[in-house]
Amino acid sequence: MCLAIPGKITSVSGDDSLARTGKVDFGGIQKEVNLAYVPEAQVGDYVIVHVGFALSRVEESEASAVFEYLRQMDELLELKEASP
Amino acid sequence: MKYLDEYRDGATAREYATQIARLTTRPWAIMEVCGGQTHAIVKFGIDELLPPSITLIHGPGCPVCVTPLEFINKAIEIASRPDTIFCSFGDMLRVPGSATDLLSVKAGGGDVRMVYSPLDAVKLAAQNPSKEVVFFAVGFETTAPATAMAAHQAAERGVKNFSMLVTHVLAPPAMAALLSSPECRVQGFLAAGHVCTVMGCAEYEPMAAKYRVPIVVTGFEPLDLLQGLFMCVRQLEEGRAEVENQYVRVVRPAGNEHARALIRRVFEVVPRKWRGLGEIPASGLRLRNQYEAWDAEKKFGLADHDTPENPACLSGLVLQGRLKPAECPAFGQACSPEHPLGAPMVSSEGACAAYYRYRSHAPAAAPAR
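For the record, the sequence lines run as chains A and B.
The numbering of the first sequence is this note's numbering, which starts it at 1 and goes up by one.
The numbering of the second sequence is this note's numbering, which starts it at 1001 and goes up by one.
Think of the hints as simulated: they come from the structure by calculation, not from any bench.
Positions of the beta carbon are idealized from the N, C-alpha and C atoms, including for glycine.
Incorrect hints may appear among the rest.
As the list claims (entries may be wrong) - In silico SDA-like cross-links for lysine to any residue, where the CA-CA straight-line distance does not exceed 25 Å:
1. A:K80 / B:R1234
2. A:K8 / B:R1234
3. B:K1123 / A:K80
What the hints assert, rightly or not - Distance windows between CB atoms, simulated:
4. B:A1293 / A:D25: 32 to 40 Å
5. B:R1022 / A:Q30: 31 to 39 Å
6. A:E78 / B:P1311: 49 to 57 Å
7. B:A1209 / A:V43: 41 to 49 Å
8. B:R1008 / A:D15: 47 to 55 Å
9. A:E62 / B:P1206: 43 to 51 Å
10. B:G1010 / A:E62: 16 to 24 Å
11. B:V1269 / A:L76: 25 to 33 Å
12. B:P1052 / A:L76: 52 to 60 Å
13. B:G1090 / A:Q30: 18 to 26 Å
14. A:Q30 / B:G1045: 30 to 38 Å
15. B:E1237 / A:S61: 28 to 36 Å
16. B:R1026 / A:E60: 35 to 43 Å
17. B:E1048 / A:E60: 19 to 27 Å
Using the sequences and the accompanying hints, generate a full structural model.
Here it is in structure tokens:
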């Protein structure tokens, strides 16, 4: 139940901050999701969903951090190995 | 799928493993806290990509596994009542209680239903005013926002035939309890990314400082786990003990403040007994007094019993990272997902189930047949 995969918001309904809901698409499967905890999330955003609640919006600008880190560390280790 | 497939790229994973091997000069033992992470590690064989000097210890972050037997028995007691609809996440239905399990209660005519969200249970209560609808609220900080909202909505809408059996647990106190044990072998942690999605990273700072242990908030995909391991090994090699966030695309330093606010409003922090770990101070959540009308334990007057665990199940040692699942004599023999002796073999996040599903079924010390 802690497992969660990112899904894309395809529609939003309800203005009441605690009852804001939307449809989220998980690779073709649509689910009704409570959006009360991500008031900033809009249609087109990806969110992490747990037991029917979106808990975080995936930050597009950080999406490639895992690849950039690998490149930086490769360079760092090369520097280290080159200067004993 | 976007934000999923790219983090499972095999070539990048092997590159990460190579870099970790380059970085590592001596043995290190690192615990991944969350059962979801354990599952990904075993499924994708991440432990087998690592240099042999790095040992992964599987942590207690499986809510189904750490829910103590007395709560399973309480759930069964409620589910067996007439005019009651008992709602639960699917994982809990097959966890053995002392005498039976929830699925058997259902087979015997009990109205036990699997729900996706606690709000489904609130809805069921509104649709069935002549029944008592009870939700089994288990889980870590990741499911607490959903449970808090269910209590809040039931209270706002005056849904009086709804209540919850709450056994919520908190991850950081369990990590601190493991660290304070003299038998602790853990030198660094991969903290559970989705717990931090809700709670943020601040509560790990005092722990990293007090126990001199690096804590890297880490995601769940193979590349997340490998980057988290790299960051953790790098800290260990450099003699640092800091809190770092690998899962930056999802985890904000302050967590989700809206969710935290509702959790604080609905729940209070209490001591909680964990299966395999015993009672840990300030490690559970309970409904506050103003929500007691929705507290199933109070509503049905359930008594506390100290219930002994099945002695053939060594899940306590597994949950403390002192025994690998396949080292248990019952593993794959007396205990399997079809006939589980204990919860870690039932849950999709349980370490025993992960090893059973993805690794050889033979126990380490099995006699040759």
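Structure-based check of each hint:
Taking the CA atoms of A:K80 and B:R1234, the gap is about 13 Å. The hint holds against a cut of 25 Å. At roughly 35 Å between alpha-carbon atoms, A:K8 and B:R1234 are farther apart than 25 Å, so this suggested pair is violated. Restraint check for B:K1123 and A:K80: the C-alpha separation of about 60 Å exceeds 25 Å, so the hint is violated. Range check, B:A1293 to A:D25: about 38 Å between beta-carbon atoms, so the 32 to 40 Å window is met.
Between B:R1022 and A:Q30 the beta carbon distance is about 45 Å. The supplied range of 31 to 39 Å is therefore violated. Checked against the given bound of 49 to 57 Å, the beta carbons of A:E78 and B:P1311, roughly 54 Å apart, stay inside it. For the hinted restraint 41 to 49 Å between B:A1209 and A:V43, the CB-CB distance of approximately 43 Å keeps it satisfied. Against the hinted window of 47 to 55 Å, the Cβ-Cβ separation of B:R1008 and A:D15 comes to about 38 Å, which falls outside the hint.
The given range of 43 to 51 Å is broken by A:E62 and B:P1206, whose C-beta atoms sit roughly 26 Å from each other. In this structure the supplied range 16 to 24 Å holds for B:G1010 paired with A:E62, their Cβ-Cβ distance being about 22 Å. Checked against the hint of 25 to 33 Å, the C-beta distance between B:V1269 and A:L76 comes to roughly 41 Å, which is inconsistent with it. For B:P1052 and A:L76, the Cβ-Cβ distance of about 24 Å falls outside the hinted range of 52 to 60 Å, so the restraint is violated.
A hinted range of 18 to 26 Å for the beta carbons of B:G1090 and A:Q30 is consistent with their spacing of about 20 Å. At roughly 33 Å, the beta-carbon separation of A:Q30 and B:G1045 lies within the given 30 to 38 Å, and the hint holds. Against the hinted window of 28 to 36 Å, the Cβ-Cβ separation of B:E1237 and A:S61 comes to about 29 Å, which satisfies the hint. Evaluation of the 35 to 43 Å hint for B:R1026 and A:E60 yields a pass: the beta carbon distance comes to about 39 Å.
A beta carbon spacing of about 33 Å between B:E1048 and A:E60 contradicts the range 19 to 27 Å that was offered as a hint.
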